[in-house]
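Q: Chain by chain, the residues run as shown.
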Amino acid sequence: MSDIQIVDAPPGVEGSGFFATSLDKAIGLARSHSLWPLPFATSCCGIEFMATMGSHYDLSRFGAERLSFSPRQADLLMVMGTISKKMGPVLRQVYLQMAEPRWVMAVGACASSGGIFDTYSVLQGIDEIIPVDVYVPGCPPRPEAIIDGFMGIQKLVQTESLRRRNEPEYQKLLASYGIQ
Amino acid sequence: MGKISNEELLSKINSKFGEQVTTTGEPFGLLTIETGKEQIISLLSFLKTDAALQFIFLTALTGIHYPDQEKQIGVVYHLHSLVNNVRIRIKVFMHDTDVHIPTATVLWDGANWMERETYDFFGVVFDGHPDLRRILNVDDMTVFPMRKEFPLEDPNRVDKKDYFFGR
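The listed protein sequences derive, respectively, from chains A and B. So the mapping is simple: my numbering equals the position in the first sequence, first residue as 1, plus 4. So the mapping is simple: my numbering equals the position in the second sequence, first residue as 1, plus 8.
Hints are supplied without guarantee of correctness; some may be wrong.
So the derived label-pair ranges between C-beta atoms look like this [as the list claims (entries may be wrong)]:
1. Lys-90/A x Gly-44/B: 33 to 39 Å
2. Lys-29/A x Glu-157/B: 40 to 46 Å
3. Pro-14/A x Lys-168/B: 54 to 60 Å
4. Arg-76/A x Leu-38/B: 53 to 59 Å
5. Tyr-74/B x Arg-70/A: 55 to 61 Å
6. Gln-184/A x Met-149/B: 40 to 46 Å
7. Gln-175/A x Val-166/B: 25 to 31 Å
8. Val-146/B x Ile-51/A: 37 to 43 Å
9. Pro-159/B x Ile-183/A: 57 to 63 Å
10. Arg-141/B x Ser-38/A: 54 to 60 Å
11. Ile-120/A x Lys-79/B: 50 to 56 Å
12. Gly-26/B x Ile-51/A: 55 to 61 Å
In case anyone wonders, no lab produced these hints; they're calculated from the structure. Every residue gets a Cβ at the ideal spot worked out from N, C-alpha and C, and that includes glycine.
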């Protein structure tokens with residue numbers, strides 16, 4: 005017997021020979037288990053991410069096998085590490101190059117809030133320049149915490165309405181960051 | 009030890025510059041002298057080109073800010089004579105209202121980025137520098153962050169107040 009586990013079907017109506025569910029849920033299920041992360045690793049949180057990606061913790065169990073080093077093919081921007089103010093426009097550019105739908109995860113204290121670097125040269129949290137979906141606390145977070153954050157992203161992806169990215173609230177959110 | 013003692017070095021400098029150079033000490037055996045910005049280039053040039061001294065290497069060039077002094081802003085040069093294995097430190101202080109000093113890029117190309125960094129952090133303007141703009145900080149920064157009047161932490165932040173941490 006194979007011990008490969010398969011995700012449960014989303015809630016829907018089942019009968020002999022058919023299964024009906026909403027398109028939102030089917031697409032959310034597919035997307036959440038095939039997220040392509042773009043690791044934007046600038047410091048020690050990036051090392052923890054390498055452990056997360058490695059065989060011991062194995063992020064590929066969650067369908068994130070394929071890291072995308074091109075933002076144009078990535079679904080999830082994982083920002084891991086201190087972002088200096090000079091790096092800010094670069095990170096923003098990377099975010100702008102990603103296609104919708106896109107999610108952002110701020111891993112660690114520095115990406116979330118600047119961390120211990122409350123100083124003139126460091127961005128006090130990446131949410132000053134791009135919208136963030138999930139924050140992972142820790143300095144640096146353990147791989148378990150990064151996986152927990154990733155599962156938080158999966159939850160968001162599964163429950164997101166297909167129309168969300170066209171809604172005025174979302175446009176307003178982007179506009180508040182100066183992104184069209 | 010170097011081939012030239014600090015006494016010999018100092019007497020050579022004094023015989024050429026006399027009152028224009030003052031000695032401030034020899035911490036850790038490093039001869040430290042102070043001069044004004046009018047003769048800094050001729051002093052550096054003398055140290056570099058003198059046949060016996062040959063301070064051909066500019067180890068470091070940086071700034072310093074003493075807000076309690078009359079002349080607040082300082083520029084510090086570290087020179088190394090590779091031939092004699094001797095080092096020397098030269099300080100120049102100036103008023104914070106007139107932070108102009110001649111560039112050392114006429115003597116060492118290596119001074120270029122070090123002077124840009126000193127400008128970036130202390131606002132010292134090196135007259136004659138070929139490309140004096142910020143090197144490490146963001147280009148649109150309006151302050152010189154290593155000056156003491158610049159607050160260490162962002163005063164507008166509210167999420168790092170003491171009461172959040174039980175202090």
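Q: Evaluate each hint against the coordinates.
A: Tested hints:
no.	hint	result
1	Lys-90/A x Gly-44/B: 33 to 39 Å	holds (35 Å)
2	Lys-29/A x Glu-157/B: 40 to 46 Å	violated (58 Å)
3	Pro-14/A x Lys-168/B: 54 to 60 Å	violated (42 Å)
4	Arg-76/A x Leu-38/B: 53 to 59 Å	holds (55 Å)
5	Tyr-74/B x Arg-70/A: 55 to 61 Å	holds (56 Å)
6	Gln-184/A x Met-149/B: 40 to 46 Å	violated (27 Å)
7	Gln-175/A x Val-166/B: 25 to 31 Å	holds (28 Å)
8	Val-146/B x Ile-51/A: 37 to 43 Å	violated (27 Å)
9	Pro-159/B x Ile-183/A: 57 to 63 Å	violated (30 Å)
10	Arg-141/B x Ser-38/A: 54 to 60 Å	violated (46 Å)
11	Ile-120/A x Lys-79/B: 50 to 56 Å	violated (34 Å)
12	Gly-26/B x Ile-51/A: 55 to 61 Å	holds (58 Å)
The structure shown violates the earlier hints numbered 2, 3, 6, 8, 9, 10 and 11.
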